[in-house]
Amino acid sequence: MILLPAPIVLPFVFIILALLVKSSKAKSILSIAFSILNLAIAGIILFQVNEVDMIKSQMGSWPAPFGITLIADRFSAFMLFMSALVFIAVTIYSVQSIDKERIKNNYFLFTFGILMGVNGSFLAGDIFNLYVWFEVMLMGSFILISFGGERIQLEGAIKYLILNLISSFFFVAGIGILYGKMGSLNMADLAQKFAFTGSFPSLFEPAMVLFVVGFAIKGALFPFFFWLPASYHTPPPAVSALFAGLLTKVGIYSLIRIYTLFLFHFDYFWNPIILWLGILSMVIGVITATSQFDFRKVLSFHIISQVGYVVIGLAFYTISGLAAAIFFLGHNMISKTNAFMVAGWVHRERKTLNMKVLGEMFNKNTLWGVLFFISAFSLAGLPPLSGFAGKYLIIKAGIESDHIFVALIALFVGLFTLFSMTKIWIEVFWKNNPTENAAENNTKALPHGLMLTGSIILALSIIAMGIWAAPIVEFCEKAAADLLNTQKYINFVLK
Amino acid sequence: MRNIILEKIVSLFLKVMLIFAIYLLLRGHNNPGGGFIAAIIASTGFVFYAIIYGTKKVEKMLHLSTHQWMGIGLLLVLISTLLPLFFSKEIQTGLWIPSDFPVLGLLSLGTPLLFDTGVFVTVSGVILTIILSIMEVLEWN
Amino acid sequence: MELILAIFIGLLYASGVYLILRRSIVKVILGVFVLSNATNLIIFLSGGIKRSGAGFIPAGAEKVDPATISDPLPQALILTAIVIGLGIAAYILALKYRYFEITETHDLDQLSKTDQK
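Protein chains in written order, with this note's numbering: chain A, 222 to 716; chain B, 135 to 275; chain C, 14 to 130.
It cannot be assumed that every hint is accurate.
Taking lysine to any residue and the SDA-like style, the derived pairs with C-alpha atoms no more than 25 Å apart in a straight line are [what the hints assert, rightly or not]:
| hint | chain 1 | residue 1 | chain 2 | residue 2 |
| --- | --- | --- | --- | --- |
| 1 | B | Lys190 | C | Leu43 |
| 2 | A | Lys325 | C | Lys40 |
| 3 | C | Lys76 | B | Ile185 |
| 4 | C | Lys109 | A | Glu371 |
| 5 | A | Lys716 | B | Ser222 |
| 6 | A | Lys414 | C | Phe57 |
| 7 | B | Lys190 | A | Asn327 |
| 8 | B | Lys223 | A | His568 |
| 9 | B | Lys194 | B | Val181 |
| 10 | A | Lys325 | B | Leu198 |
| 11 | A | Lys716 | A | Gly281 |
| 12 | A | Lys699 | A | Pro655 |
| 13 | C | Lys109 | B | Lys223 |
| 14 | A | Lys414 | C | Leu58 |
| 15 | C | Lys109 | A | Glu322 |
| 16 | C | Lys109 | B | Leu198 |
| 17 | B | Lys223 | A | Lys402 |
| 18 | A | Lys617 | A | Lys716 |
| 19 | A | Lys325 | C | Lys109 |
| 20 | A | Lys716 | B | Thr227 |
| 21 | C | Lys40 | B | Thr227 |
| 22 | A | Lys402 | C | Lys109 |
| 23 | A | Lys243 | B | Thr227 |
| 24 | A | Lys243 | B | Leu212 |
| 25 | A | Lys325 | B | Glu273 |
| 26 | A | Lys325 | C | Leu58 |
| 27 | A | Lys321 | C | Leu43 |
| 28 | A | Lys246 | A | Leu671 |
| 29 | A | Lys243 | B | Ile261 |
Distance ranges between label pairs, derived from CB positions [unchecked claim]:
| hint | chain 1 | residue 1 | chain 2 | residue 2 | range |
| --- | --- | --- | --- | --- | --- |
| 30 | C | Gly61 | A | Ser282 | 47 to 53 Å |
| 31 | C | Pro85 | A | Leu241 | 30 to 36 Å |
| 32 | C | Tyr110 | A | Leu636 | 26 to 32 Å |
| 33 | A | Asp274 | B | Phe220 | 25 to 31 Å |
| 34 | C | Leu18 | A | Phe268 | 40 to 46 Å |
| 35 | C | Pro85 | B | Asn137 | 43 to 49 Å |
| 36 | A | Glu426 | B | Met195 | 53 to 59 Å |
None of these hints come from the bench; they were simulated from the model.
Note that the Cβ used here is the ideal one computed from N, Cα and C, for glycine as well.
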C-alpha cells in the first residue's frame, strides 16, 4: 500500500529534512542516501510490475473515477527506474560539482522537488494530477535554472519560464474544456467514455490540440523547441545534466500516454501530425546542432533530435514501434545526462565550453575522455552501446510498419549525430590546445572523485543496456503491448 | 518614526486576525474555510505587523525561522498522510476520533484537521518567507 | 452569463498575449499573470455558471439534489491553480528584481547575448 506512493513520499520527506537541517554536509549525505533509497523503491516497483502487469493505489480510499489514482504499468515503472538511475548519478555528481554556496541555499531541496514532480507524473492516473506534478517539477526547475542569479542564467531563465508557463496554460485550458464536456478527470474513465459512447463532444478536438501543444512545448518538439537550446547551456552543469535527463522526457511520456488513451481514436488526423513532428524535430535538431560551437549547445540541440526518434516510434503505433520508443527514451535519458556531466567536468577545468578555445582534454584525464566516448557514441548509435539497440529497433519498426522513408531519414540523422559527436570529440579532446598556454595544461586537476563516480554509474548503465538489450527489449515489448491494449488499462483502474 | 496609535492598532489587529484564522481553520472541511484561507488571513496580520514594527520583530515573534515553520507544516501533512497506513488503509484516508467532550460538545477530530493544520502552518511559512525576504531586500525597516 | 464570461476570457487572453509580446519585462510578467487568470476562468466556466449553494452535502443527508449544490471540483481545481500561480508570482517577481539589479533596465533586449555566439 505504501509502495506506489513511496516515490512521491520519499522526496517529500527529504524536503522536510532539508528545511529543518542546517548543515550543508548533512544535506549532501542525506541527499545521496535518499536517492539510493529512491532507486531501491523504483527497482521494487519495476520488479512487482513485471510480475503482476499493473499496480494501482487509490488516494484516501476513494474509488476510481472519483478519487485520485496512482497507477504504475510497465511503461511508468521503466521510466521511474531510469529517472531514479539518472537522479542518483546527478546527485552524487552535484555534491562535488555544485559550489558550497548553492548547496547551503538548499540546492538539493529543489532537485528533490523535481524528482517528486517527475515521479508523480509517471504515476498519475488522473489528468489534473498530472498537471499538478508537472507544475511541481516546473517550480523546482524554474528555481534551479536561475539559482545563483548570474547574468547569463537570467536570460535562459526568462525564456524557459515564459514558454513553459504558456505550455502549462495550454494544458490547463485543455483540462478545463475536457472536464466541462466529460465531467471526469480520471484518464481511464475518460478513455472509457470515449470508447463506449462512440460519440465525441464538439469540444473534444480543441482540448486534445491544447494537450498536444502543451506536451510538445514541454517535450521540445519541432515547432516549439526554441526554449530548450536557449536555456540549457546557462545553469551550472549539474543542473543542465539533470534537466537533460528528466524534463523533456516527462513531456514525451505524457504525449505517449495521451496518444494511447485518447488520440488513437482519431488516428487518421493525429498520426501524420505526430509522425511529421517527429521527423522534423529529428532532422532540424541534428542539422542546427552541427553549426554550434558551444559544447552544451550541441548537446541541447541533440536532445530535440533524439526526442524526434521517440516520437516517430510512437507514430508507427505498432508493438515494435512503441517498444523501440520506450527503449530509446530510457537510453536517451542516461546517455544524454552522462554527456552533459562530461561537459560539466570540462567546464570545471577550463571555465569555458566554447569548443574553439578547448583542446587536449584527453591528455588531461583519460578516464573522462573514455566516459565521453561511451556516451557520445551511444548517442550516435555505435554497437555495443545502448544507442545502437535503440536506433536499430526504431529503424526496424519503421521498415516493418511500411514507413521505409522515415526509417531512411532516421538512418541519415544517425549519420549527422555521429558527425556532431566526432566534432566534439576532435575539438574538445583531441586537437592541440589552441590557447597554447602551457601553464594552463599543467595546473593540478581539481578534485573530481564524486563527479567521476556519478558519471561511471551512468556509463556502466549505458554499456549494460547495450549488452543485455534482449531482456530489456522484451520488457519494453510487454510494456508496449499493455499500452496498446487500452481496455486492459481501463478495466484495471475502474474494476 | 514611532506612531503609538498605529502600533497599538496593529498589535490588536494581529490578534483578531489570528483568532479569525483559527475559526476558519476549524470550520473547514464541513463548511467553507480551511487551512489555506486561514493561513492567508493569519499572514496578513503578520505582514501588517512587519510593516509597522519591522521584519526583525516578526522573526523574533515566530521563534523559529520561516523555513523551519514550513518544514514543521510539511511534517504535519506527512504525518496525517501516513497515519492511515498503521491502520492498514490507503494513505490519505480520513481517520476520525469519536469525540464527545462534556463542555465543547461534538468535535470532529481526525487526520483531515491535522492535514489542514499542516497546510495552515506551511502556507503561513511560505507567505511570510516571500514577504519578509522581499521586505528585507528592499530594506523596509 | 456564460457568453459574457467567455467573451471576457477571450479579452483577457488577447491582452495577455499582447502584453507578453512587449519588450519590457514588467509587461511580460503582467501578461503571464493575465494569461494565468484567464486560464483559471476557463476551468471556472467548465463547471457551469448557475445560482446554487456551496458544494457541501449537509450533515446526515442521504441524498442531495444535484441542482441545489454547485460542482465543487472546478473550485478545487482553481484553488490548486491559484496556489501554483501564487508561487510563480513570487518567483517571477524575485527574478524581475534580480534582473533589474543586474541590467538596471526593464528592457528584455539587454540580455539577448547568449543566443548568438
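Hint check results:
Distance restraint check for Lys190 (chain B) and Leu43 (chain C): the Cα-Cα separation of roughly 31 Å exceeds the 25 Å cut-off, and the hinted pair is therefore not satisfied. Distance restraint check for Lys325 (chain A) and Lys40 (chain C): the Cα-Cα separation of roughly 34 Å exceeds the 25 Å cut-off, and the hinted pair is therefore not satisfied. With a CA separation close to 50 Å, the supplied pair Lys76 (chain C) and Ile185 (chain B) exceeds the 25 Å bound. Pair hint Lys109 (chain C) plus Glu371 (chain A) holds up; C-alpha atoms about 13 Å apart against a cutoff of 25 Å.
Pair hint Lys716 (chain A) plus Ser222 (chain B) holds up; C-alpha atoms about 21 Å apart against a cutoff of 25 Å. Using a Cα cut-off of 25 Å, the hinted pair Lys414 (chain A) and Phe57 (chain C) holds, with the two alpha carbons roughly 23 Å apart. Pair hint Lys190 (chain B) plus Asn327 (chain A) holds up; C-alpha atoms about 23 Å apart against a cutoff of 25 Å. At most 25 Å may separate the alpha-carbon atoms for a hinted pair to count; Lys223 (chain B) and His568 (chain A) exceed this at roughly 50 Å.
Proposed proximity of Lys194 (chain B) and Val181 (chain B) is supported: the alpha carbons are some 14 Å apart, at most 25 Å. With a C-alpha separation of about 18 Å, the suggested pairing of Lys325 (chain A) with Leu198 (chain B) holds against the 25 Å cut-off. Restraint check: the Cα-Cα separation between Lys716 (chain A) and Gly281 (chain A) comes to about 17 Å, which is no more than 25 Å; the hinted pair holds. The hinted pair formed by Lys699 (chain A) and Pro655 (chain A) fails the criterion: a straight-line CA distance of about 52 Å is larger than 25 Å.
Taken as a hint, the Lys109 (chain C) and Lys223 (chain B) pair is broken in the structure, with Cα atoms around 46 Å apart against an allowance of 25 Å. For the given pair, Lys414 (chain A) sits about 22 Å from Leu58 (chain C) by alpha-carbon distance, which is consistent with the 25 Å threshold. Restraint check: the Cα-Cα separation between Lys109 (chain C) and Glu322 (chain A) comes to about 22 Å, which is no more than 25 Å; the hinted pair holds. Of the supplied pair hints, the one linking Lys109 (chain C) and Leu198 (chain B) is violated, its CA atoms being roughly 29 Å apart against a limit of 25 Å.
This hinted pair does not check out: Lys223 (chain B) and Lys402 (chain A) have alpha carbons roughly 33 Å apart, beyond 25 Å. This hinted pair does not check out: Lys617 (chain A) and Lys716 (chain A) have alpha carbons roughly 37 Å apart, beyond 25 Å. At most 25 Å may separate the alpha-carbon atoms for a hinted pair to count; Lys325 (chain A) and Lys109 (chain C) meet this at roughly 23 Å. Our distance criterion of 25 Å between C-alpha atoms is met by Lys716 (chain A) and Thr227 (chain B), whose separation comes to about 20 Å.
For the proposed pair Lys40 (chain C) and Thr227 (chain B), the alpha carbon gap of about 45 Å is over 25 Å, so the pair is violated. The suggested pairing of Lys402 (chain A) with Lys109 (chain C) is violated, with an alpha-carbon distance near 39 Å, which exceeds 25 Å. Among the hinted pairs, Lys243 (chain A) with Thr227 (chain B) is inconsistent with the structure: their alpha-carbon atoms are about 33 Å apart, more than 25 Å. In summary, the hint linking Lys243 (chain A) to Leu212 (chain B) is supported, as the alpha carbons are separated by about 20 Å, within the 25 Å threshold.
About 23 Å separates the Cα atoms of Lys325 (chain A) and Glu273 (chain B), which keeps this hinted pair within 25 Å; it holds. For the hint linking Lys325 (chain A) to Leu58 (chain C), the alpha-carbon distance of about 45 Å lies beyond 25 Å, and the restraint is violated. Between Lys321 (chain A) and Leu43 (chain C) the CA atoms are separated by roughly 35 Å; this puts the pair beyond 25 Å, and the hint is violated. A threshold of 25 Å between alpha carbons decides the hint, and for Lys246 (chain A) with Leu671 (chain A) the separation of about 14 Å falls inside it, so the pair holds.
At most 25 Å may separate the alpha-carbon atoms for a hinted pair to count; Lys243 (chain A) and Ile261 (chain B) meet this at roughly 21 Å. About 29 Å separates the C-beta atoms of Gly61 (chain C) and Ser282 (chain A), a value inconsistent with the hinted range of 47 to 53 Å. Against the hinted window of 30 to 36 Å, the Cβ-Cβ separation of Pro85 (chain C) and Leu241 (chain A) comes to about 34 Å, which satisfies the hint. The given range of 26 to 32 Å is broken by Tyr110 (chain C) and Leu636 (chain A), whose C-beta atoms sit roughly 48 Å from each other.
Our hint of 25 to 31 Å for Asp274 (chain A) and Phe220 (chain B) holds, since their Cβ atoms are close to 29 Å apart. The given range of 40 to 46 Å is broken by Leu18 (chain C) and Phe268 (chain A), whose C-beta atoms sit roughly 51 Å from each other. Taking 43 to 49 Å as the suggested C-beta distance range, the pair Pro85 (chain C) and Asn137 (chain B) conforms, at roughly 45 Å. Hint check: Glu426 (chain A) to Met195 (chain B), Cβ distance near 55 Å, so the stated range 53 to 59 Å holds.
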